[in-house]
Structure formats: C-alpha cells, structure tokens
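With chain H's structure known, arrange chain V with the ligands on it following the hints.
Take a look at the letters that make up each chain.
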Amino acid sequence: MNRFDYIRPATVAEAVAAAAVPGSAYLAAGTNLLDLMKGGVMRPARLVDLARVPGLDAIEALPDGGLRIGARVRNADLAYDPGFARRFPAVAEALLSGASAQLRNAATVGGNLLQRTRCAYFYDPASACNKREPGAGCDAREGENRLHAVLGWSEQCIATHPSDFCVPLVALGAVVEIEGQAGRREVPLEEFHRLPGTTPERESVLAPGELVVAVRLPGEAAGFAGHARYVKLRERTSYAFAVVSAAACLRLEDGAIAEARLALGGVAAKPWRVPAAEAVLQGARPGAEAFRQAAEAALAEAQPSGENGFKIELARRILVRALTLAAAGTPERLPALPASPLASHSGVSLHG
Amino acid sequence: MSLSITLTVNAVPRTIALDDPRVTLLDLLRERLDLTGTKKGCDRGQCGACTVLVDGRRVNSCLALAVSHDGAEVLTIEGLAEGETPHPVQAAFIEHDAFQCGFCTPGQIMSAVGLIREGQAGDDPERVREGMSGNLCRCGAYQGITEAVLQAQRRLAEPEQEQAA
Ligand SMILES: Cc1cc2nc3c(=O)[nH]c(=O)nc-3n(C[C@H](O)[C@H](O)[C@H](O)COP(=O)(O)OP(=O)(O)OC[C@H]3O[C@@H](n4cnc5c(N)ncnc54)[C@H](O)[C@@H]3O)c2cc1C
Ligand code: SF4
Ligand code: FES
Ligand code: FES
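For the record, the sequence lines run as chains H and V. For what it's worth, the working numbering labels the leading residue of the first sequence as 8, then goes sequentially. For what it's worth, the working numbering labels the leading residue of the second sequence as 11, then goes sequentially.
One chain only, chain H, in its complex shape (with noise of 0.2 Å):
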C-alpha cells in the first residue's frame, strides 16, 4: 500500500474542497479501496474519510412516500431496515446477497454505487488494463474472460459492474444525489455508471472529487413491494460475486401485468435495465411466454465477449426466473438463502 495523507474533513463542504485535490479519494468502510489499495490497483496521494462527516447516515421517508438514504448508511442496516425491506423487498434481497455479514455490516451505500470492477486482469497490476492504465491494452480481451461483459462493452474494455444492489436500484429508477464544489446536482441511477467506450477509466459521471451523499427511491416504486424479486446466480451458495443476476418487480393489475421494471446484473459495466423487456410484458399475462419473450428482448443486444456466450442464455433463464417468482408474489420473510435460484420458496432447507 502506498502512503497517503490522511484527511478527516468535519463537514460536506469540507470534504469536498479536501477531495478536489487531485490525488485524492473518498475513505468510505473501505473495503474495496484498502483492497485495491494492498494490491497497489489504486494508489490515492490522500484518503478523505467521511467517517466524521455529518449528514450522510440517515434513512429518510419523503413527502411522496419515497426514501433518502444516506451514502453513508451501512448495507447491513439498509438490508434490515423494516421500513425499507416491507417496501423495497427485492433491493433488501440483493443487498443481503452481496458478499458476507462481515462486509455487509460495514460497507457503505456510495461504496457499492462506486465499487470497482472484480476483472482479475484490473487486479493485477502485472496485467495490461486499460482501465487502470489508459492505453496500456486489455489482457481479458484474450484471458480468462469466462464472467465478462455481453452487453455495452467495447474492444478497450469488457469488464462488468460488480454491484448487486445497484440492480433492483436502477429498475426502480433510484436517483443519485451529488454534491460538488459548484453545488448539488441530482443524476438517474441509470445514467450515473458510464460504459467503457474509449475510455473505460471513466466508470461514472462524477467529476473529481464530487461526492454522493444520497441515493433516492421515488414513492412509486414501493407499488412493486408485492411483486419484487431479485435472483443471482453465483458459482458457489453464498459469498460470491454475480455471474448473472436479475432484478423483477411487478405491478399487477386485475391478473394482468400494468407495469415490470427489470434490470440484469454481471452482464455490463453499469446495472442494465431493460425497458424493452419492461414494454413487451406491460399488459400482458403473466406466464411462461410473456416471461420468455421479455427474456428475448432484454438480451436482443447481447454479444459475447469471449468465452462468455454461455451468460447470454444464463441471463434469460434468470430473468425468467426472477419474473416467475415476482409473479408469486414477494415473500412475507427473505428467504433462507437471499437470491438464490436454488432456494426453495419457503426458505428450507437445501442439505436435507
């Protein structure tokens, strides 16, 4: 790890006068820098700690029946809120599907929105990576490419966003708050990540030394607590990144589907929602066709990037999947396994 001063700003204006320096980077838990950092990925001259900062820790209702929730709010107290888990079902579940208790009791909310990709070839400083050094090449391009990305990435990078709960976030159309020295701007989830294009050291829309101090969740989006799903296929049970994930939330209407809101996971440098998916099911009946021809939709784009082809049918068997289960209707308890697809309804047990 390299030396770094350390800054320990009192206030939100002071934190962003610290961080506009360049060299600088935010300290949130840290367990994704100190990470990054070990492996000399990420080498910041000076960490800002938002530790002290006042202002970034609360779960606010709003007027329209939406929640602010500061960025600096745990995973682990999002994830157990009972407000926030009996409205936002399926981002509870993704939160609770995320790495371990440990990791989950002190990772941030502005941490998960701004985690870096897990391609081994970034973490590798002995690796060619354009987005940790630009134009350096891409060694994945070539390498071991098996989880990487089949939508929006381009010849300079094919990395995907890691982030679980950024999936139901962005299907439920969250709305990132920022503050920067010029003042406070408010962008949609789903413009906050940048895909990689020609410059895939770009991973969002925040200007240096910008922070985000809240995520929002509008008043409708809690219309889908009764449908709300999110599924998240892993290579083992428990404690491991997405290989594909999806996130459904429906709104049911007299049998029928009056409005679905669907992103995927691991398949992009962003959380991709799918609002061609969202158009074929509006109207429509819930079942097995409807569910398959949104599957269809949502991956009409999708290219392999490598030896990935397999994700690209994987990503529709889990949307189908997540729907089907929405369309059951959200759980009255998480179940045993959050987000597993091999969880049984009802939370049983899978070991006899």
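All clues stand as given, with none of them false.
Taking lysine to aspartate or glutamate pairs in the EDC-like style, the calculated list, with each CA pair at most 16 Å apart, reads:
no., chain 1, residue 1, chain 2, residue 2
1, H, K45, V, D30
2, H, K45, V, D37
3, H, K45, V, D53
4, H, K45, H, D131
5, V, K50, V, D37
Coverage of chain H stretches by chain V, computed from C-beta distances (three or more under 8 Å per stretch; other residues unrestricted):
no., region
6, 33-44
7, 48-62
8, 105-111
9, 243-251
Partial list, computed: chain H residues near chain V (C-beta under 8 Å):
no., residue
10, M8
11, F11
12, A343
13, L344
Hints are computed from structural coordinates only; laboratory data are not their basis. Just so you know, even glycine gets a beta-carbon here, dropped at the ideal spot from N, CA and C.
Just chain V with the ligands now, with coordinates in the frame of chain H:
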C-alpha cells in the same frame, strides 16, 4: 497532523499513537497490541479469520483502517471469556468439535457472537450457515460450527426466557 487515536479494546481504554495511517485494525491488534488471537488469513476480506466486533458488530478487521475507527469499542477473542469461564459460544465450539486446526476458530467464534446479536437467523440451520458464510474453514468443520452456533444461541436465550416466565 497527529495520528493519535483512542480505542477501547476488550473493555480497556487505550490511546495509541500511529506513525503511519496505513495500519489496519488487524495489524494494530496483532502487531502493536500483541492480541494475536485475531488471525490474518487472506488480508483481503475473503476468509473471515480476522473477524472482530467493532461497536458490537462483526467486521473484517483486515479491511478496516485503524485511524478511521478513532473512539470505537473493539471486542476480540481475548476479551470474550469471563475470567476462566469460557463464553457460551466458546464452550459450544469445544463441545461440538467445531474445529480441527483452529486457525479459523477465533474468527468463527467472533462471527457467531455477532450473528447471535444480530438475531436474524433464528433456529434455522440454513440461515445460520448463510449467516456464517463469511467465515471459511479449510478443515471443513462446518457441521460442528453450525451445531455449536445453534446450541450457543439456545443457551444464551435461556436466562431471558426464565426472566420472562
Ligand atoms: C470478498 C468480497 C466479496 C464481495 N462480494 C460482493 C457481492 O457479492 N456483491 C456486491 O455487490 N459487492 C460485493 N463486495 C463488494 C462490496 O459490496 C464493496 O466492497 C462495498 O460495497 C464498498 O463499500 P465501502 O463503503 O467499503 O467503500 P470503499 O471501499 O470505502 O469505497 C469504494 C469506492 O467508492 C468511493 N466512494 C465511497 N463512498 C463514496 C461517496 N459517498 N462518494 C463518492 N465516492 C465514494 C471510494 O473512493 C472508492 O473508490 C464484496 C467485497 C469483498 C471484499
Ligand atoms: S476488461 Fe477492462 S478492467 Fe479488465 S483488463 Fe480489460 S480493460 Fe482492464
Ligand atoms: S484476513 Fe480478513 S477476511 Fe481474511
Ligand atoms: S479449523 Fe482449520 S481452518 Fe477451520
């Protein structure tokens, strides 16, 4: 800037001067405070061997910067027993043979204490396994670990039930 921090470690208040902000909570415990019960497995958040409670919550001390936890209360495996009497989770691990080499055990025990405090798993073994999935055991003592956690949880609940009755 002074990098002096205060921590309460196993109920003992300490003031610690840090010459370098890079020190993790794990290295501080092991290298500076000689509390070597907390283990360093991967040092990258992937194994759980370094699990301690910070302000009552289980976290990976290898991915926590010590200087950022100024003022925190830390509980490690060394602070769990009451004198010579092991904590109910420690006793249950012994009773259920919930370890072999023992390297992961301090992290498993601290994680189990955290899990029981969180109160989310109930008596469902599947929920206990999922709640303990952040602690790897290379010896594969998982069966005993799950049984130990369930038993310790029942024992810890008993006095409360008696009071309620
Ligand atoms: C072993 C392991 C397994 C994991 N598994 C999963 C998983 O299955 N699913 C999943 O979704 N995640 C997983 N994670 C990732 C985990 O969710 C992230 O590490 C965590 O969310 C990051 O939050 P943090 O508060 O620790 O952020 P930090 O590590 O402190 O920061 C991460 C980045 O965000 C920036 N940042 C932080 N807060 C702000 C802010 N408010 N404004 C602007 N920039 C900010 C930092 O500068 C840094 O670049 C895993 C991590 C580990 C180590
Ligand atoms: S896929 Fe992206 S992150 Fe991975 S090596 Fe290529 S450029 Fe780097
Ligand atoms: S040493 Fe901290 S998780 Fe492995
Ligand atoms: S007892 Fe050996 S690693 Fe768990």
